[in-house]
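Heads up: the sequence lines are chains A and B, in that order.
Those letters in the first sequence? Residues 1 to 279, by our numbering.
Those letters in the second sequence? Residues 1 to 319, by our numbering.
Source of the hints: derived by calculation from the structure; they are not laboratory data.
Careful: at least some of the hints might be erroneous.
Here are the simulated distance ranges between beta carbons [to be verified]:
hint: 1; chain 1: A; residue 1: THR46; chain 2: B; residue 2: GLU66; range: 57 to 65 Å
hint: 2; chain 1: B; residue 1: ILE41; chain 2: A; residue 2: LEU77; range: 42 to 50 Å
hint: 3; chain 1: A; residue 1: LEU32; chain 2: B; residue 2: GLU66; range: 24 to 32 Å
hint: 4; chain 1: B; residue 1: PHE55; chain 2: A; residue 2: TYR26; range: 42 to 50 Å
hint: 5; chain 1: B; residue 1: ASP174; chain 2: A; residue 2: LEU135; range: 16 to 24 Å
hint: 6; chain 1: B; residue 1: ASN256; chain 2: A; residue 2: MET117; range: 27 to 35 Å
hint: 7; chain 1: A; residue 1: GLY136; chain 2: B; residue 2: ILE41; range: 15 to 23 Å
hint: 8; chain 1: B; residue 1: GLU84; chain 2: A; residue 2: LEU22; range: 37 to 45 Å
A virtual CB, placed ideally from N, CA and C, is assigned to each residue, including glycine.
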Amino acid sequence: MRGSGFKASHAGSHVMLLATSLLMLYPVFWWLGASLKKNSEMSLPTIWPEQPMWENFTKGWNFSAEYSFTTFFKNTLAMEFWNVLGAIITSALVAYGFGRLQFKLRGFWFSILLLTMMLPGQVTIVPQYIMYNNLGLVNSYIPLILPHFLGGGAFFVFLLVQFIRGIPRELDEAAKIDGASVYGIFLRVIFPLIKPALVTVAIFTFIWSWDDFFGQVLYLSSIEKYTVGLGLRMFVDQFEIQWGQLLAMSLLSILPSVIVFFAAQKHFVEGIATTGIKG
Amino acid sequence: MNPQASAQRGSFRHRLVRKKRMANSNEHNAAGYLFIAPWLIGFFLLTLWPIVRSFYLSFTEYSLLEDPTWVGLGNYSEILFKDELFRTSLGVTFTFVVFSVPVKLFCSLMVAMALNKSIRGINFYRTAIYFPSLIGGSIAVSVLWRNMFDLNGYINHVLGWFHIKGVGWLTNPDTSLGTLVLLNAWQFGSTMVIFLAGLKQIPQDLYESAAVDGAGKVRRFFNITLPMLSPVMFFNLVLGVIGSFQMFTSAFVITNGGPVNSTYMYALFLFEKAFKNYQMGYASALAWILLVIIAALTAINFLMSKYWVFYESEGGRAK
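Produce the complete structure using the sequences and hints provided.
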């Protein structure tokens, strides 16, 4: 396979990959153009409209009389700030505990952690909702933010534990000889070394919270607290849909995730691979 | 491991005068629990307690306004023997899983194989193909999909060139579920990345010696790639089934379960029972039935895996 005669197979691969990439990306390109189209042009597969309607963006941004997307973006980004912060700090702490420290029942708790990854969220969602409702926390961001401060999700802890296990223990022991406690080792040795993996945690947390439509629908009910996703949903539910404006706003709504993705693309793809395979 | 760390490792080594690891295996009890405390609190508060509570609620009637009333197996017998919607939504969800999981596995494996070569532009392709998975879960893409597959959408316009008369893909009960399967299949990127990582771990000498023995491309695929990749395939299969069973956003936003309940997914059914009708007990029973189904399917997958998943460490070649 890796001998001679494998140049020719490359041409075939290129054709296939290029075709696949185009097929995958065509809806996205079409979307870019459609965001500038009039309703009458919407059904055409052509990408660029005859006359770009830039006001799709301005009108769409202010589609609702009361609140514009400025509010929705502000809300979502503020929530994201806490989510990412919580996930980074607490997943690192928990992963260090599991990855490096010896304590009673460690193996037991770690298998529980792995099991929770398989648990369908539907089983816990009803009692969680009832709990938040009793505490008067429905229609606040707390139910959406709190889980990120409680380990940030089993998936991330697992990812970081795998990463920490790859760090040579000699580093810990050298620091110990220099008088560092387990806390010192975490702060001065492990935390700096797992930064690349923490970038992955941050990106995933950002994108997944952005897309966590289920949670947002459930816990946010007043419009002034709406996220971008909920704002879009309100837009879809309008009597007569202005598709151009709607697609323009949808496009803007994925922009933050796309920027985050391209800013740290290398970590991102490697992060998935690490979790999936190393075991 | 990054280079900086390896360098540090080297310089530290001479200082480690054969320091033995502590014999006591539980030396950090307090610190250990302190570090995992955030997760542990979350586990008790947001997972374990809700599980127990959900199990209890599934035997009650509860509307949030009054205290739960015990109804014994009432919810379960109602769901299993009377509720038409339960059967419909289960059927829809099974159909969705049966089509979307294999399609996704097949597409992602083919593309991963094509990408597993040292060719130019690999990063471009990988990003392009991964991109839909990045944005696919968002409500924005659901909006896009709804527009593209409209009766007057651009998909039908393109079909018109080939003199095919399209339907309103999402408003026709025969095609609506298929359109959602397609949307799901479009997002095969993360499955593909996992396959790609698996492919990279297959030792190249296997292929070389097979080629020496005169095995063609097809035989090498079936006799080397597939067996060596089967654990990864298994991982993707299990996660794919679990994930598809809980599909929610697209059914909620694009079709809202319709037309004629043709896309009425189980997760949507459960959501409506709980948060539209406020039948918390009934919804909890639905959740437990879902859990049992997913557990059973996962168990079946594990049992079946004996026959097709090949683990190198057991009976495979020695390293």
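Verification of the hints:
Taking 57 to 65 Å as the suggested C-beta distance range, the pair A/THR46 and B/GLU66 conforms, at roughly 59 Å. Range check, B/ILE41 to A/LEU77: Cβ separation about 27 Å, and the 42 to 50 Å hint is violated. As the Cβ distance of A/LEU32 to B/GLU66 is approximately 52 Å, the hint placing it in 24 to 32 Å is violated. Hint check: B/PHE55 to A/TYR26, Cβ distance near 47 Å, so the stated range 42 to 50 Å holds.
Checking the proposed 16 to 24 Å range against B/ASP174 and A/LEU135 shows it is violated: the Cβ atoms sit about 46 Å from each other. Range check, B/ASN256 to A/MET117: about 29 Å between beta-carbon atoms, so the 27 to 35 Å window is met. About 20 Å separates the C-beta atoms of A/GLY136 and B/ILE41, a value consistent with the hinted range of 15 to 23 Å. The hinted range of 37 to 45 Å is satisfied by B/GLU84 and A/LEU22, whose Cβ atoms lie roughly 44 Å apart.
Comparing the model with each numbered hint stated earlier shows that hints 2, 3 and 5 do not hold.
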